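Fit chain B to the known structure of chain A by using the hints.
Number of protein chains: 2
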Amino acid sequence: MENLRNGYLFPEISKRAFDHTQKHPDARLIRLGIGDTTEPIPDIITSAMAEYAKALSTIEGYNGYGDEQGNMALRVAIAETLYRNMGIKGNEVFVSDGAQCDISRLQMLLGSDVTVAVQDPSFPAYIDSSVIFGRAGKFEEETGKYGNIVYMKCSPENKFFPNLSITRKTDVIFFCSPNNPTGNAATKLQLQRLVEFAKANGSIIIYDSSYAAFISDESPRSIYEIPGAKEVAIEVSSFSKFAGFTGVRLGWTVVPEELKYTNGFPVIKDYDRIVCTCFNGAPSISQAGGLACLSPQGYEATTAVIAYYKENAKIIADTFRSLALKVYGGENAPYIWVHFPGQKSWDVFNEILAKTHIVTIPGSGFGPAGEEYMRFSAFGRRENILEASRRLKSLYK
Amino acid sequence: MENLRNGYLFPEISKRAFDHTQKHPDARLIRLGIGDTTEPIPDIITSAMAEYAKALSTIEGYNGYGDEQGNMALRVAIAETLYRNMGIKGNEVFVSDGAQCDISRLQMLLGSDVTVAVQDPSFPAYIDSSVIFGRAGKFEEETGKYGNIVYMKCSPENKFFPNLSITRKTDVIFFCSPNNPTGNAATKLQLQRLVEFAKANGSIIIYDSSYAAFISDESPRSIYEIPGAKEVAIEVSSFSKFAGFTGVRLGWTVVPEELKYTNGFPVIKDYDRIVCTCFNGAPSISQAGGLACLSPQGYEATTAVIAYYKENAKIIADTFRSLALKVYGGENAPYIWVHFPGQKSWDVFNEILAKTHIVTIPGSGFGPAGEEYMRFSAFGRRENILEASRRLKSLYK
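For the record, the sequence lines run as chains A and B.
Under the UniProt record's numbering, the first residue of the first sequence is numbered 1, with each subsequent residue one higher.
Under the UniProt record's numbering, the first residue of the second sequence is numbered 1, with each subsequent residue one higher.
In isolation and in its complexed conformation, chain A is listed as follows (with noise of 0.2 Å):
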């Protein structure tokens, strides 16, 4: 624990934005930092987690304990709706409190001396998690980096992919696409060169496709789109930026029963015992939720959600452009990725926050490769992000 470097980045983030406000009593705050969803869930959704919530009062209405793997149903929808032509089964689905929480269940069934990579920049809870479980190493000064971490740099140069023949062999490699904080997509070729590297490794690749909702060209929404991935990868996702969910809490892993660790035993045993034993169920009343999302009604309703988001993406993504700095991500994801040249990216969080009252992501906070970058996230209500439009364009103009 003692290695963990400063305060976890986004509770960080908030601390600002307090200490903030606290400064500017007066000031309206735009939040477009921690990719928090505004927009109200549809009421489809909601009904029927009322209407499970309200039949708990009843004697045929009553449910106790699930399955902890989660309710068979709901992971059948997952199997079925999301994994549709992948050959992914219902029993293959582990339903979850969380993206998050999963990470580090997932951290749980690895043994205590695995090796990690990580995309660098990356979502802070990979490298955070694999502190406290004792794999990351001393944190370096100097490089910004934990010394047993191996950091995939993905940046515009290499079309946000890492240069695979460069990056040392792990057990572990955590891959998240879309990517967050960068916003980008990896294609259908780039993730058969990921898995045909991760098989030609022995390492296990723990895929987030937690923005895979919001990919709007070809670009894979599962890792198991690519042939042969079974056999060596984890799938994490969540309903939270799918359906507004970031506080009712339902995710899900996959674990499919082709992954075998090398003494031939399948993970997905481990996984099983580590679900049963150290969780007890996503929350009945959220699954309840998440099987309307996976309705056909409740699929389109979520969707159109997602279209708002996006067209606040569009926004912020045009407003830097119109500034002429360099933009990326965006159109398969909730978050926009841009280029501040020659900056230190906590300066420019200080310099928006302090000028415009909008909370931003300092993209060094993702990993040292992040620094000169700003994530901006695309959840808000579409009068903050014209608003904040407005502010950053008077401010950088």
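Think of the hints as simulated: they come from the structure by calculation, not from any bench.
Since the model is a prediction, treat every value here as computed from it, not as a measurement.
Accuracy of the hints is not assured; some may be wrong.
Any copy, or any two copies together, can satisfy a pair, since identical chains are not distinguished.
Said to hold, decoys possible - The calculated lysine-lysine pairs, modelled on DSBU-like cross-linking and capped at a C-alpha distance of 30 Å, are:
1. K89 with K159
2. K393 with K344
3. K138 with K23
4. K310 with K159
Structure of chain B alone, referenced to chain A:
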């Protein structure tokens, strides 16, 4: 992982019950095994959850991520309602998705080489999570114990309180009161001795008070009723049995500011970091339900449900007393612990299931000191409890 003994107890029992129903499709199975609530949740509580859920479809009522540590109103309500006069503050209460999940998060908090003591018998998750985190040592067939775990025997001979004068010093002591499975609540004097013992040894007590709401007598409902406990104890608890939230998922952990590592660093700071990195907050709808449970009317309504289960417990206890068996528990807990002298508890389990179609739990599943004992759960519909009583009486008369 390979070091884990056979199936996790509760899934194993579910499996045997399932197999039994396959063989006897017409038998009416009665479940007195896993402690799973059966009574509807009072309307005042489910209405609060349903309203919260419905409001998520409105701009005013929508909320995204909550604080990782829980909604402060709920944290304060827990502190003020359940820890009244014990000086626990809202910021020391970490709301979670259940006690079992918190136990594994507490395992993350501990260093990799800590030593652990548990009551014998005890809830299997303490040992099983210790095995997963690599602290348990080898399982020894002869003793039925893991080599590195200290088993504190609790039996009628020592009034279910361990003989501390012969207990080896450990870094951590898991202690559950009212105890699962024995149903015994520790007295104030016993807990004072436990706190003194921990203080003298520099141990941290992880105190599980999940069944506190069932206490009928003067036994402490919290370890913090003992002066000085804040310097040595973390308390884990749950709404599962208190309010029928087994499926709704809501619990909490108290980490007092006074609790420090030997180097003086406050444990609460590390736990906060674990919660922010490996957890993302309890489900918001469940938290709304938790708040309703702690309102005066909600609390009164949950008390009535608990009284119902306690009446069940009395029926079960009286059944076995009428059969001249030694009966423990049931008065301060929903569990009845019955001695079957000279018999293997899995044999008793199999016999009761085969001959009466009642699912129970063999005491040996909770540790070697549980051999010859059976645990009966008082959670059930009254008509089932009465029918179970009739069947058991005719089996053993």
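Exercise for the section: Could you check the structure against the hints above and give me the numbers of any it violates, in ascending order? Expected result: 1, 3
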